[in-house]
Amino acid sequence: MNALRVVIAVVSVGAVSVAGIYLAAWVDLLVGRAVAGLEVRPLDALSAPLRWGAATALKTRTTTERPDAETWALAPALLAALAAVGLAAVPLAPGLLAADVANGIVLFGAAMALVVVAVFLQGWSPNSPLPMIGGYRFIAEGLSYEIPLAVVLIAAALPARSLAIAPIVTSQEHLWNIVRQPLGLPLYLMAGLGLAFWGPLALPEGQDLAGGSSLETSGVSRILWRTAQLLVLVAVAAMGAAVFLGGWLGPLFPGAAWMIVKTIILLVPLIATRHFVARVPTERYVVVSWAILIPLSLLDVFIAGIQALVAAR
Amino acid sequence: MTLQALIVVAAALFGIGVYGALSQQSFVMIMMGLELMLNGTILAGGSMWALTTGGSPKGQMLVVVLMTVMAVEAAMGFALVIGIYRVRKADITEKIKRLKG
Amino acid sequence: MILNVTFWAFSALAVFSGWRVFRADSMVRAAYWLLLSFAAVGIILVLLKAEFLGLILILMMGGEMTIMAVFMVAFMMNPAGLNPMTMVHRNSVAIVAGVVSFLAIAALGLFARFPVARAPAGVDPTRKLGVELLGNSMLVFQTAGVTLLAAMIAAIAISSARGRYGDADQGSVEPDQMVTAPAGDVAAAAAHDPAPVISPGVHQ
Chain A
355 MNALRVVIAV
365 VSVGAVSVAG
375 IYLAAWVDLL
385 VGRAVAGLEV
395 RPLDALSAPL
405 RWGAATALKT
415 RTTTERPDAE
425 TWALAPALLA
435 ALAAVGLAAV
445 PLAPGLLAAD
455 VANGIVLFGA
465 AMALVVVAVF
475 LQGWSPNSPL
485 PMIGGYRFIA
495 EGLSYEIPLA
505 VVLIAAALPA
515 RSLAIAPIVT
525 SQEHLWNIVR
535 QPLGLPLYLM
545 AGLGLAFWGP
555 LALPEGQDLA
565 GGSSLETSGV
575 SRILWRTAQL
585 LVLVAVAAMG
595 AAVFLGGWLG
605 PLFPGAAWMI
615 VKTIILLVPL
625 IATRHFVARV
635 PTERYVVVSW
645 AILIPLSLLD
655 VFIAGIQALV
665 AAR
Chain B
15 MTLQALIVVA
25 AALFGIGVYG
35 ALSQQSFVMI
45 MMGLELMLNG
55 TILAGGSMWA
65 LTTGGSPKGQ
75 MLVVVLMTVM
85 AVEAAMGFAL
95 VIGIYRVRKA
105 DITEKIKRLK
115 G
Chain C
188 MILNVTFWAF
198 SALAVFSGWR
208 VFRADSMVRA
218 AYWLLLSFAA
228 VGIILVLLKA
238 EFLGLILILM
248 MGGEMTIMAV
258 FMVAFMMNPA
268 GLNPMTMVHR
278 NSVAIVAGVV
288 SFLAIAALGL
298 FARFPVARAP
308 AGVDPTRKLG
318 VELLGNSMLV
328 FQTAGVTLLA
338 AMIAAIAISS
348 ARGRYGDADQ
358 GSVEPDQMVT
368 APAGDVAAAA
378 AHDPAPVISP
388 GVHQ
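Protein chains in written order, with our numbering: chain A, 355 to 667; chain B, 15 to 115; chain C, 188 to 391.
These are calculated hints, taken from the structure and not from any lab test.
None of these values were measured; they are calculated from a predicted model.
Wrong hints could be hidden among the right ones.
[Stated by the list, open to error] Coverage of chain B stretches by chain C, computed from C-beta distances (three or more under 8 Å per stretch; other residues unrestricted):
#1 24-33
#2 38-48
#3 66-74
[Said to hold, decoys possible] Computed, partial: chain A to chain C, Cβ under 8 Å:
#4 Asn356
#5 Thr425
#6 Val460
#7 Leu461
#8 Ala464
#9 Ala467
#10 Val471
#11 Glu500
#12 Trp612
Even glycine gets a Cβ: it sits at the ideal position worked out from N, Cα and C.
In isolation and in its complexed conformation, chain A is listed as follows:
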C-alpha cells in the first residue's frame, strides 16, 4: 500500500514536471508575442516548443577547443535532477509526496543550493570566455539569493513547528502564510527568479554575454538545459504555492486541483517577468540583495518568531 502510494507520487511528479515545463514554454511564447505587438495564436504556439526541440536536436552539434567534456555533459543533467528533487519535496495533495522526508524544506534548500554548481559547471566546462564569465556571475548571484531564500523558508516553517512541508501546509488552515508573513512571498519569488536565472535575473545568460553560460551548448544538451531551467521555475512556483498560498487547502474542489491552480498563479507572473522587467546589472543585484533583501528576510523571520511566541501563549 505504501509502495503503491510512492509509485503514484513519483508518477505524478513526472506528469507535473512535463506539463509544467510545457505550460511554461507556451506561456513564455504567448506573453512574448503579446508584448511584441504580434498576433497571439495560442493554438499555433502549442506546437512551438516541440518544433524548437526538433530543430535544436537536428542542428549540427558544435564544440569548443579542449572542453571539459564530462562535466559539460553532466551540467544539464545535474540541473534537471536538482529541479526534480526540489519538485519531489512538494506535496501535490494530502499524502501525495514523492520524497516523504521529515525535513522537506531542508531537502528543497539543499537541492536548490546545488543549482549554483550546475550553472557554474555549464559555464566553466566549454573552455570559452563568455560562458565562463556567465558561470562566475552566477556564483555572485547565487551567494546573494541563497540566504534570503533559506531565511524566508525557515520563517514559513516556524508557525508549523515542523520542517516537513505537509504540516506547513496544514498550519495555514486559518490564515495563509502570504497574509501572516507579508514579506515572505515577494522575497521568495525574487530569490526564485535568481535561482532559475530567469527574466530580470538572467545574469549568467544575459544578452551582453551573447547567451552566457549556455552559449556554446548545442543539441540535446541545449534542450535539456532549457527544460531543466523551466523545471526549476516550476519547482519554485509549486513550493511557493505549498508554503505561502496554502497548498492543497481550498473549498469544493479536490486538493490537487487547488495545488495546480495556485502553482499556475505563481508560475505565469514568474515567466512573464522576462518580457516586462529589464535585466538587472550583476553589481546592483548583489548590493541590493545584501543590503536590502537579507535584512528584510531577517525582519520576516523576526515577525514570524514573534507571532509564534504570541500563538504559543
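Take the given structure of chain A and dock chains B and C to it, following the hints.
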C-alpha cells in the same frame, strides 16, 4: 551497516585527508585535505550517534560543532590564502620560509 | 538488505571521490570531487536517520565548494587541467602518515568495544536536536555562534586590502624588521623583502 564498517569508511576518508594535507604544496589543496579529514570525523560522529547513544541528541550536537569547525576553518583558510598572497605573492608552502610578519 | 547495498555504494563513492580530489588535474574538478565525497557522507547520514544533519551538510558544502573552486582558479597555475599536474612534497612520508592514521582509526573501530544502543523508533531526531540546541546545550550553541562571528571579523581583517603597515599588496613589513630602510617607507620595505616571482613548474 555496522558501526565497524562505518568507522573503517570514516578512517579511510580521514587517512586520505591526512595524505592530502601533508603532501600538497598549494594552500587551497591543503585546505581540501583538512576538509576531507573533517568529513571523516563527521561520518564517525554521525554513526556513533546513530548506533551507540540510543538517540541522545548530544551526539548530533557533536556533529553540529564539527560543522562549525569546518565553517571556521574555511573562513580563516580563505582569508589567510588571500592575506599571504597579497603580502608575499605566495600560493604554495615552499614560498613562505619565514612565518613572522 | 537494500539499505546495506546503498550504504556500501555511497561509502565506496565517498572514499573514491575523496581519493580523486588529489588525483584530479583540473582544480574545478578537484573541488567538485570533494563536494561529491561530502554529498555521499551526507546521504549516509540520512540513511543513519540523521536526516537534518545530512541535508545541512550537503547544503553547506554546495556553497563552500563553489567558493573553493573559484579560489583554486584564482590562486593556482594550470587551473583548467590543460596539462597533467602534481604539486606535492614529501609524497612518501605523506602516504605513510595517511596509511598509518587509517590503520590506527580502523583498528580502533574494529577492536574497541562500543555500547550498542540504536535510536528508538518513532522519535524525531531533528526535534530532539532542536530542543537540545536551545535547551541544555544552549551554551555550546551560543559559543559556536560567537566563534563564527569572530571568524567572520578575523577573515575580513586578515584579507583586507589595507594592511597594518600600508597597502597589503605592496609587501608590508613591520617596523622592527626594517633595518636598512627608513620607517614608513613602504616601497623601500618592499625592496628589503622582495616578493618572489611566481614561477610555475618549480616543483619537487
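Evaluation of the provided hints:
1. Proximity of the region 24-33 of chain B to chain C, defined as three or more residues with a beta carbon under 8 Å from a beta carbon of that chain, is established by the 10 residues found.
2. With 9 residues bearing a CB less than 8 Å from a CB of chain C, the region 38-48 of chain B meets the requirement of three and the coverage assertion stands.
3. Proximity of the region 66-74 of chain B to chain C, defined as three or more residues with a beta carbon under 8 Å from a beta carbon of that chain, is established by the 7 residues found.
4. Restraint check, A/Asn356 versus chain C: the minimum CB separation of about 14 Å is more than 8 Å; hint violated.
5. Using the Cβ-Cβ criterion of 8 Å, the hint placing A/Thr425 at the interface with chain C is satisfied: the shortest such distance is roughly 7 Å.
6. Below 8 Å, beta-carbon pairs count as interface contacts, and A/Val460 has one with chain C at about 4 Å; its hint therefore holds.
7. Residue-level restraint check for A/Leu461 holds (minimum Cβ-Cβ distance to chain C is 6 Å; threshold 8 Å).
8. Interface hint status for A/Ala464: upheld, as the beta-carbon distance to the closest one in chain C is roughly 4 Å, under 8 Å.
9. The restraint placing A/Ala467 at the interface with chain C holds, with a minimum CB-CB distance near 4 Å, inside the 8 Å limit.
10. Given hint, A/Val471 at the interface with chain C, holds; its Cβ is 6 Å from that chain's nearest Cβ, closer than 8 Å.
11. At a threshold of 8 Å, the smallest CB-CB gap from A/Glu500 to chain C is about 7 Å, leaving the interface hint in force.
12. A distance limit of 8 Å between C-beta atoms decides the matter here; for A/Trp612 the minimum to chain C is near 28 Å, and the interface restraint is violated.
Checked against the numbered hints given earlier, this structure breaks hints 4 and 12; the rest are met.
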